[in-house]
Amino acid sequence: MALLEVNNLSVHFDTRDGVVVAVDDVSFSVDAGETLAIVGESGSGKSVTCYSLLDLLPKPPARIHGGTARFDGSDLLNCSAERMRQFRGNDIAMIFQDPMTSLNPNLTVGEQLIEPLIHHPIKTKRQTRASAKLRAVELLGEVGIVDPERRFASYPHEFSGGMRQRVMIAMALINEPRLLICDEPTTALDVTIQAQILGLIKQLQRSRDVAVIFISHDLGVVAGIADKIMVMCNGIAMESGTAEDIFYRTQSDYTRRLLDAIPQGAKKTDCRIQPDARLIQASHISTWFNDYSGHKVRTVKAVDDISLDIQRGEILGLVGESGSGKSTLGRSLLQLVPTQTGTVNFDGTDLASLSSRQLVPWRRRMQMIFQDPYASLNPRMTVYQTLAEPLLFHGIANRSNIDAQVQQLMDDVGLARAFIRKYPHEFSGGQRQRIAIGRAIATKPEFIIADEPVSALDVTIQAQILDLIIDLVERHNLTMLFISHDLSVVRSIADRVMVMYHGTIIEQGATESLWRAPQQDYTKNLLGAIPIADPKSERSRAER
Amino acid sequence: MLKFALGRLLQAIPVLLVVISMTFMLVHSAPGGPFSADKAVPAEVLAALEAQYNLDQPLWRQYVSYLGDVLKGDLGPSFKYPGRSVNELIASGLPTTAELGLYAMLVAVFIGVLAGVTASMRPNTLQDYVPMSAAMIGICMPSFLLGPLLVLIFGIHLEWLPVSGWGQIPGDKILPAITLGTGYAAYIARLSRGGMLEVLSQDYIRTARAKGLPEFVIIGKHALRGGLVPVVAFLGPAFAGLLGGSFVVETIFQIPGLGRFYVQAAFNRDYTMILGSTVFFATLIILFNLLSDMLAIWLNPKLRQQVRGDAE
Numbered sequence: 001m002a003l004l005e006v007n008n009l010s011v012h013f014d015t016r017d018g019v020v021v022a023v024d025d026v027s028f029s030v031d032a033g034e035t036l037a038i039v040g041e042s043g044s045g046k047s048v049t050c051y052s053l054l055d056l057l058p059k060p061p062a063r064i065h066g067g068t069a070r071f072d073g074s075d076l077l078n079c080s081a082e083r084m085r086q087f088r089g090n091d092i093a094m095i096f097q098d099p100m101t102s103l104n105p106n107l108t109v110g111e112q113l114i115e116p117l118i119h120h121p122i123k124t125k126r127q128t129r130a131s132a133k134l135r136a137v138e139l140l141g142e143v144g145i146v147d148p149e150r151r152f153a154s155y156p157h158e159f160s161g162g163m164r165q166r167v168m169i170a171m172a173l174i175n176e177p178r179l180l181i182c183d184e185p186t187t188a189l190d191v192t193i194q195a196q197i198l199g200l201i202k203q204l205q206r207s208r209d210v211a212v213i214f215i216s217h218d219l220g221v222v223a224g225i226a227d228k229i230m231v232m233c234n235g236i237a238m239e240s241g242t243a244e245d246i247f248y249r250t251q252s253d254y255t256r257r258l259l260d261a262i263p264q265g266a267k268k269t270d271c272r273i274q275p276d277a278r279l280i281q282a283s284h285i286s287t288w289f290n291d292y293s294g295h296k297v298r299t300v301k302a303v304d305d306i307s308l309d310i311q312r313g314e315i316l317g318l319v320g321e322s323g324s325g326k327s328t329l330g331r332s333l334l335q336l337v338p339t340q341t342g343t344v345n346f347d348g349t350d351l352a353s354l355s356s357r358q359l360v361p362w363r364r365r366m367q368m369i370f371q372d373p374y375a376s377l378n379p380r381m382t383v384y385q386t387l388a389e390p391l392l393f394h395g396i397a398n399r400s401n402i403d404a405q406v407q408q409l410m411d412d413v414g415l416a417r418a419f420i421r422k423y424p425h426e427f428s429g430g431q432r433q434r435i436a437i438g439r440a441i442a443t444k445p446e447f448i449i450a451d452e453p454v455s456a457l458d459v460t461i462q463a464q465i466l467d468l469i470i471d472l473v474e475r476h477n478l479t480m481l482f483i484s485h486d487l488s489v490v491r492s493i494a495d496r497v498m499v500m501y502h503g504t505i506i507e508q509g510a511t512e513s514l515w516r517a518p519q520q521d522y523t524k525n526l527l528g529a530i531p532i533a534d535p536k537s538e539r540s541r542a543e544r
Numbered sequence: 001m002l003k004f005a006l007g008r009l010l011q012a013i014p015v016l017l018v019v020i021s022m023t024f025m026l027v028h029s030a031p032g033g034p035f036s037a038d039k040a041v042p043a044e045v046l047a048a049l050e051a052q053y054n055l056d057q058p059l060w061r062q063y064v065s066y067l068g069d070v071l072k073g074d075l076g077p078s079f080k081y082p083g084r085s086v087n088e089l090i091a092s093g094l095p096t097t098a099e100l101g102l103y104a105m106l107v108a109v110f111i112g113v114l115a116g117v118t119a120s121m122r123p124n125t126l127q128d129y130v131p132m133s134a135a136m137i138g139i140c141m142p143s144f145l146l147g148p149l150l151v152l153i154f155g156i157h158l159e160w161l162p163v164s165g166w167g168q169i170p171g172d173k174i175l176p177a178i179t180l181g182t183g184y185a186a187y188i189a190r191l192s193r194g195g196m197l198e199v200l201s202q203d204y205i206r207t208a209r210a211k212g213l214p215e216f217v218i219i220g221k222h223a224l225r226g227g228l229v230p231v232v233a234f235l236g237p238a239f240a241g242l243l244g245g246s247f248v249v250e251t252i253f254q255i256p257g258l259g260r261f262y263v264q265a266a267f268n269r270d271y272t273m274i275l276g277s278t279v280f281f282a283t284l285i286i287l288f289n290l291l292s293d294m295l296a297i298w299l300n301p302k303l304r305q306q307v308r309g310d311a312e
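These protein sequence lines map, in sequence, to chains B and H. Taking my numbering, the leading residue of the first sequence gets 1, the next gets one more, and so forth. Taking my numbering, the leading residue of the second sequence gets 1, the next gets one more, and so forth.
Because the hints were derived from the structure by calculation, they are not lab data. Quantities reported herein were computed from a predicted structural model and do not represent experimental measurements. Heads up, the beta-carbon is just placed ideally off N, CA and C, and yes, glycines get one too. Among these hints, one or two may not hold up.
[Claimed, not checked] Chain B is nowhere near these chain H residues, computed Cβ spacing over 10 Å in every case:
1) V15
2) I20
3) H28
4) G33
5) L46
6) V64
7) S85
8) A91
9) Q127
10) S133
11) L213
12) P214
13) G226
14) V263
15) L295
16) L299
[Stated by the list, open to error] Quick look at which bits of chain B chain H covers, simulated, 3 or more residues with Cβ under 8 Å:
17) 93-106
18) 383-395
[Stated by the list, open to error] DSS-like cross-link-like pairs, simulated, lysine-lysine; straight-line CA separation at most 27 Å:
19) B:K125 <-> H:K221
20) H:K302 <-> B:K123
21) B:K133 <-> H:K221
22) B:K301 <-> H:K302
23) B:K268 <-> B:K59
24) H:K173 <-> B:K133
25) H:K221 <-> B:K59
With the hints as constraints, model all of the structure from the sequences given.
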């Protein structure tokens, strides 16, 4: 008998607009020690499926419409609250997507780690604080936290994202569960950290023989870890089978679309660089910040004496991990943050020497697309207002032709004109990023900085947005600085790549030659961390 | 933290200066004076009185000498209570008012937080509607209505509690404390409900549930600390407001507190008493705001470390 057996599960949400079927007649099973990956886009019902097993959905509006779920023979869907508490954490544990928000910021990580032990639902298994602490410190060490004894008393904000996810994993394992549900555990992390966390999950699974359900929107990520894969779309299980079945003997068109969306290989369009036509020439820029987060105020050299050139028509990729200073470099170029030293020469004028008032006409010629389309659009402005504002401010349009220009912009970025009076929350993540891109190109700029424009998006949406960006760059003859931690994305779009580490550029070169022969160890590590969307080569790589 | 507190106290100096100047101007521009009465006072007596209290001096000179006295901590002599200084009057009324305010605060926090947290646990159900409707009534009910109502029910009809006084009969402090605290309890209930709802929708509450923690740990340990931040921010101004706003309750229950002095001083044109009480309450408001800000910082580990880092 399987460890977890789910049959014909249906979950409905009762909303004001009627019943939404989030999960529709889904069945799957997981054996002890086995890894099942559930893959699908946002809203496909993969998370809802797993939350319903542990009764973590808010009821109402959620409602289990039908089906059964048995863990080791006992019913999960119709049990008392007291019985459910025994399943949670002890039999089935969970790791969530965003390690920044999933830990309580007000309690030390140690306190949060020992809670499942000192409040164990079964009285005889309850431990004292002292013995629970020993166990927690041991586990922290096992998941790779350096100096666990001291870190036990630290608060979550004192850890980086990857380290927090390690703490989450330790917390999930503290009662030795038999099933671990990982809900997009690496989506919010850098590629290198993702590789480490995936390796850690795999290693812990092997040493403890725990079964894993791994939820992801990216088939590439699960290739190396999954024994079985279930592909979900709109609440329906489109296809399930072994990892080899899904990758090599793909049945459904939807799965094929997911596979095609994974960015792979070199840039497919031509290089449009105009030689000897320098648009931007930055020399020796430094941007420093004061860091108040520690016990002493430190100066952080986010950008440390960087010089760079960007030719007209070029797409320059800028890669590096979180905290390497890539975003700050981008903002320094646009003079959105005050720089310490250096000049930024934009088409013959030094921007760093201009006052903010003098910069206004230049702002029209350089724009920025931000990472998070949920946060970078004003929630109280309609699409129309968002797009019309820069046009009117820079005097590009006037009251009489503004409607036509906004509509033209919406056509440009692939938004239906009917959406013109809608607010950002009424759109999906991909559509919001289209609005943000529309806002950036509204002023007909020559230079655009795209700061992780696809990192918050599903792979399928990511592919569409990348296509849109490439198309716009060609049509409007744009020059672009494309910032990303995801090297496969950068490879598919950039002509030239710069690798940034601790505020400095450590390596740069034409994209394909950098891929073929990286010089620095850091670059080699970055390239090695990219998951390969192919179970066989991913496994053979893991064994090496 | 010390540096933060000192900085805030420095900022208080210009605020107090503005308060003193405005009040000084207002009381002196109001018609009448401390010695104008229905019965005409002989001109020479009036002149002697005004000379004694320096009221014959030009206004700017009175202002400067008053500022000098305030700097020394002397709020001047009362015009209406001969031979007693404003400092003495405040000192005599303050303990009673502070005690009343403290009890009212305890009532407000206890009932308010309990009602708010209860409501937030099951939003948009009866468990939410009942305490929140009660809170709405509590906010709308003025204390001059609630006080007599409570006296009628518990004092006269049921004969459970004394109807007035302070510290003379056991139990005579209960009704005033409840009367004064109810409005604040209602407001705290709404604040804590909002704060708790916000926190309960956070990812880390879901994490706590997924860990199999019992509900009282989730609410009491994980949610309360973040959920009560708005309440903590409200406590400072609320306590200052309780002290300053106790006049009605002190009158209803015949309590010899500060509030009565304050209001009577305004009717009597007791210049120094009005000014003195105003300066005193302004200082209290600034102090209690500072205290509640410090408490809010202390509750947030990230801010706590930042403030500590600044001080080093």
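Is H28 of chain H truly not at the interface, in the sense that its beta carbon sits beyond 10 Å from all beta carbons of chain B? Non-interface label on H28 of chain H holds, nearest chain B Cβ at 47 Å vs cutoff 10 Å.
L46 of chain H remote from chain B - nearest C-beta pair above 10 Å: 62 Å, holds
Is the Cβ of V263 of chain H farther than 10 Å from every Cβ of chain B? 43 Å, holds
For the pair supplied as a hint, K268 of chain B and K59 of chain B, is the alpha-carbon distance within the 27 Å limit? Answer violated: K268 of chain B to K59 of chain B is near 48 Å, above 27 Å.
Given the proposed pairing of K133 of chain B with K221 of chain H, does the C-alpha separation stay at or below 27 Å? 18 Å, holds
Pair hint K302 of chain H and K123 of chain B, alpha-carbon separation not exceeding 27 Å: 35 Å, violated
With d taken as the least Cβ-Cβ distance between G33 of chain H and chain B, does d exceed 10 Å? The claim stands: G33 of chain H keeps its Cβ more than 10 Å from every Cβ of chain B (closest is about 54 Å).
Minimum C-beta separation from V15 of chain H to chain B exceeding 10 Å: can you confirm that? 27 Å, holds
Could you check that no beta carbon of chain B comes within 10 Å of the beta carbon of S133 of chain H? 22 Å, holds
Reported absence of L299 of chain H from the contact zone with chain B (all CB gaps over 10 Å): Answer for L299 of chain H: violated, closest chain B Cβ roughly 7 Å.
Is the straight-line distance between the alpha-carbon of K221 of chain H and that of K59 of chain B 27 Å or less? 23 Å, holds
Between K125 of chain B and K221 of chain H, is the straight-line Cα distance small enough, at 27 Å or below? OK: K125 of chain B and K221 of chain H at ~21 Å, within 27 Å.
When the structure is compared with the earlier hints, violations turn up for hints 11, 12, 13, 16, 18, 20, 23, 24 and for no others.
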